[in-house]
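Number of protein chains: 2
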Amino acid sequence: MSASVTAPVRVALDVMGGDNAPAETVSGAVQAAREYGMGVYLVGREEVIRAELAKHDTTGLDLPIIHTDEVIEMDEHPANAVRRKKNASMILALQQVRDGAALGAVSAGNSGAMMAASLFTLKRIPGVDRPALGGIFPTKEGACLVIDMGANTDCKPEYLQQFALMGSIYMERIFKISSPRIGLLANGEEESKGNQQVIDAHHLLKASAGTLGLNFVGNVEGRDIPTGEVNVVVCDGFVGNVVLKLSEGLAETLLGLIREQMTSTFVNKLAAAVLRPSLRKVFKRLDYAEYGGVPLLGVNGSAIISHGRSNAKAIKNALRVARQTAETGVAGAIAEGLSKLNSPEEVEKQQQAQSHSN
Amino acid sequence: MSASVTAPVRVALDVMGGDNAPAETVSGAVQAAREYGMGVYLVGREEVIRAELAKHDTTGLDLPIIHTDEVIEMDEHPANAVRRKKNASMILALQQVRDGAALGAVSAGNSGAMMAASLFTLKRIPGVDRPALGGIFPTKEGACLVIDMGANTDCKPEYLQQFALMGSIYMERIFKISSPRIGLLANGEEESKGNQQVIDAHHLLKASAGTLGLNFVGNVEGRDIPTGEVNVVVCDGFVGNVVLKLSEGLAETLLGLIREQMTSTFVNKLAAAVLRPSLRKVFKRLDYAEYGGVPLLGVNGSAIISHGRSNAKAIKNALRVARQTAETGVAGAIAEGLSKLNSPEEVEKQQQAQSHSN
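So the sequence lines, in the order shown, correspond to chains V and B.
Letter by letter, the first sequence follows residues 0 to 357 of numbering that gives the first Met the number 0.
Letter by letter, the second sequence follows residues 0 to 357 of numbering that gives the first Met the number 0.
Simulated from the structure, these hints should not be mistaken for laboratory data.
Hints are supplied without guarantee of correctness; some may be wrong.
Because identical chains share one entry, a pair is satisfied inside a single copy or across any pair of copies.
Said to hold, decoys possible - The calculated BS3-like cross-link candidates involving lysine-lysine, where the alpha carbons are at most 30 Å apart (straight line), are: (1) 192 <-> 85; (2) 54 <-> 155; (3) 192 <-> 84; (4) 54 <-> 122; (5) 192 <-> 122; (6) 175 <-> 139; (7) 283 <-> 54.
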């Protein structure tokens, strides 16, 4: 049984990445191996990994170690670090994907470096101008993918068009939503709303939705993200980052104010104790760890960037998502979708849409 | 006693504007007249206003009516409506300000039309390229002004520089914050972060902060709005609108989820009843009505745009803010501040900052 005839069944984990590494990363890998019956390459300092593994019962689990001494630290300059540390744990993890030994790679380390290393190691899918981060936001009844969440600050309308396709494929395959509803983030629902970039992207998306098989519902507003009006929200990485950070800050501040009142008096504390199990359901909905990590979409392979503060549960879920992203063929579907934009008729239609909007 | 020697002591209210007009607008005016001892011009259909006034005790209150039959509806095209309906209630209200008969104007009607009418009637302050909306966001311990909240979708760096000055003057004079902390909204705190527009604006603000007397603290992230890191957050109107709508949607969704759990069982309902008075304090902090309305900064006069859903309390507070904006000389201070940018040395410094960032 050689590697060339058997598809890899492991995901590569950068054990050294994240504020809670290596304890939580190793613990997450052990949980994923047990719960999902998957293999995990543990990439990092062997003696450190062995010490952590010793704390768990790993009988029968597929957890091979790939040793390296190099680690990219959280505060290093991403591009410089990736260039200098060729054997860094996150880079070796990505190389397993490139070489077909792993289905996907996960890191909770320096996210800028993980993005740069993914791009450098896995390369872009043909037709993709800019890979993008797809962040999962909990909504009233489910989840919404906001793409781009911070990889590209200045975007051309064509990038947003590609983000829409990548996001739609991801939500369809990972969240099992058929024909995901796609909205373009703007300052009003009317087609005429938006800055110039968004107005142009709207025309492009409208013209190509049929060809790309996209369920483009038009412009949406900020309030439509938490209410779950759509499954995919398309925006540039500058706006996406503001959306992410504002949501985190607002939820924290609001829950903090409520918690303050709930513990302000003895009687309030008693009442709060009664409500705690129910409220926990709400807090669980808001827990990023449930979603594991953020996919970098548009690279040739499955790369998941986990939150720096990831705990074992977040790592476990990220490993699962990395495997699913590979097994459901997200990258291949993106390549296939974008190839449809290259026919002569389609190119002409796109150009008309662009001139129409100028 | 002629109008030319006595400063006007009234604010003009578009009684017909808003989803809850005229009942709530008239009620808000009556409350403002009584609580603040101010006069209010009630602009709109006389018989409608008289019918509403009859429901209140208005003894001794200064509530003169300015009659007009024309009203701009919520769904009319702003620019067209302003051009066509020259005697619309919101336009007559603004004309009182222009003519020195009123300190300020308030409308909860068609906000696009109110913006266009304010610009058309009051004109821009010399040195202001684009008037902007300053939205008040409740924070952990106070309030933060986000400017621009939606008036200008595509902004040049100089516009953002002017927004910073206008926002700072407003927070200093209306919220009594000395030397307000000003942040530029970006996707990271480092000076190198941001899209090109923000990077350029950062250089401009840094170079001119001394001259303008601004306490510019640099870039801030979305999370710094609710936590109250700064008193003024500068962004373009596209991003500002996303921030506003996302905040509204998120707070509503989150509080809805919590409310759902609190009423899910009989025991939970009892516990929630105990907590209600304390939680009400939190909800009050989030109530837009407390802040009354959004000033359009950069026009020659005090114009307040209130939420379409304004109740009497919101109108009352908007009338107070309109008066304060005039009495504290916000428009004059903006003109004076911007004139400082016109000295030959300052113009050169600005140009250097701009070339530096290219």
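For this session: Using 30 Å as the alpha carbon limit, work out where residue 192 and residue 122 are close: within a copy, between copies, both or neither.
Result: So residue 192 and residue 122 pass the 30 Å test across copies only (25 Å; inside, 35 Å).
For this session: Evaluate residue 283 and residue 54 at a C-alpha cut-off of 30 Å and name the case that applies: within, between, both or neither.
Result: Answer is within: at 27 Å inside a copy they meet the 30 Å cutoff, but 50 Å across does not.
For this session: Please work out whether the CA atoms of residue 192 and residue 85 approach to 30 Å or closer within one copy, between two copies, in both situations, or in neither?
Result: between (46 Å within a copy, 26 Å between copies)
For this session: With 30 Å as the alpha-carbon cut-off, assign the pair residue 54 and residue 122 to within, between, both or neither.
Result: Classified as neither: same-chain Cα gap 37 Å, cross-chain 72 Å, threshold 30 Å.
Exercise. How do residue 175 and residue 139 come out at 30 Å by Cα distance, when the copy is not named: within, between, both, or neither?
Worked result: within (17 Å within a copy, 39 Å between copies)
Problem set entry | Same-copy or cross-copy closeness of residue 192 to residue 84 [CA-CA at most 30 Å] | between (46 Å within a copy, 24 Å between copies)
Exercise. Given identical chains, is residue 54 near residue 155, meaning Cα to Cα at most 30 Å, within a copy, between copies, both, or neither?
Worked result: Classified as neither; 50 Å inside a copy, 57 Å across copies.
The structure shown violates the earlier hints numbered 2, 4.
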